[in-house]
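With the hints as constraints, model all of the structure from the sequences given.
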Amino acid sequence: MLENILIIIAGFLILLYGADRFVTGAAATARNLGVSPLIIGLTIVGFGTSAPEILISVVSSMGGNPGLAIGNAIGSNITNIALVLGTTALITPLDVRSETLRREYPILFAVTLVVLVLLMDGYFSRLDGLIMLAGLAVLIYGIVMIGMRSRTTDPISQEFAQEIPAKGMKTPRAVLWFSIGFLLLLLGSKLLVMGAVEIAHMWGVSDLVIGLTIVAIGTSLPELAASIMSALKKEPDIAIGNIIGSNMFNLLAVLSLPGIIDPGPLQHEVMNRDFPIMIGLTVLLFVMAYGFKGPGRVNRIEGGLLLMAFIAYQLLLYYTGTRT
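Everything in the sequence shown is counted per my numbering, starting at 833 for the first residue and increasing by one.
Among the hints, erroneous ones may be present.
[Said to hold, decoys possible] EDC-like, lysine to aspartate or glutamate: derived pairs with alpha carbons at most 20 Å apart:
#	residue 1	residue 2
1	Lys1065	Asp927
2	Lys1022	Asp927
3	Lys1066	Asp953
4	Lys1022	Asp852
[Said to hold, decoys possible] Distance windows between CB atoms, simulated:
#	residue 1	residue 2	range
5	Gly954	Ile837	28 to 38 Å
6	Ile1133	Leu962	39 to 49 Å
7	Gly896	Arg929	23 to 33 Å
8	Leu845	Leu1064	16 to 26 Å
9	Tyr973	Leu1008	49 to 59 Å
10	Pro925	Leu865	31 to 41 Å
11	Leu948	Gly1096	12 to 22 Å
12	Tyr955	Ala842	31 to 41 Å
13	Leu1148	Val1007	42 to 52 Å
14	Ile837	Leu1147	14 to 24 Å
15	Tyr955	Leu1064	37 to 47 Å
16	Leu1147	Leu959	30 to 40 Å
In short, the hints are calculated from the structure, not lab data. Glycine included, every Cβ here is placed at the ideal spot set by N, Cα and C.
Structure below.
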């Protein structure tokens, strides 16, 4: 048991550092090629924060553990909203002013509904996964169009400009960090999946539950750190934007992979328990942060409610997550 715990911790640490280097290298390379900070932030950074989930999804699906991959994708979305946003708002209330984010909320809803329709039959087919990947291409195109049409005065554009690595990082160095980050992500994901699967077997719980809990929380640590730091630096739009972008990529990039690599029937808990909770939290995010009569705001009370919802969900998994 101790050995597997140490393997998981090592995997998490390598994933965290690898994700940071991966995003830094990719963002600096894109900036050197003349890509605007807003488009970099909406696409590369959003994709990069989901990189740990993507690699874990590939490794676990190829290893015959698609439940872990599915649990990681859905569990990460739940964790992003309930734990990451809840904790961040509890530390400092978030005032959301970006018009760009107001355009992204409906896209997140559309992505969620498309995935729901594809999975309602209880079978995750290769076609379902391919449709999700096609949706990812459409999503990236749509986000780029939003970024190109957004005004440079949009608060999130200015925040991204401050956060994207400076132009002083030369392209060869940026590419090197990108490559090192990718290799570390691959190594960390293999260690994490290996340790998580062993613990699942020892505890007698399903791979799905391990993916929804230990793995989802661990792979959401980059979003937690990024959102808290953005909020403390008075960049609340990035804090919310990271969550929205990560959740969309999790649904289309991460969740599609087990269907493509190892298609099969879904565990009934996915559609009866986990997906409805994810949808409910997505609706809460919209209600709290959209700002129907002005700027959106997620206050400390709402942050506390989200955090309580996360704790309640973990307790629900504890009581219902034993292997059948």
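Please list, smallest to largest, the hint numbers that this structure does not respect.
Result: hints 2, 3, 7 and 9 break, sorted rising.
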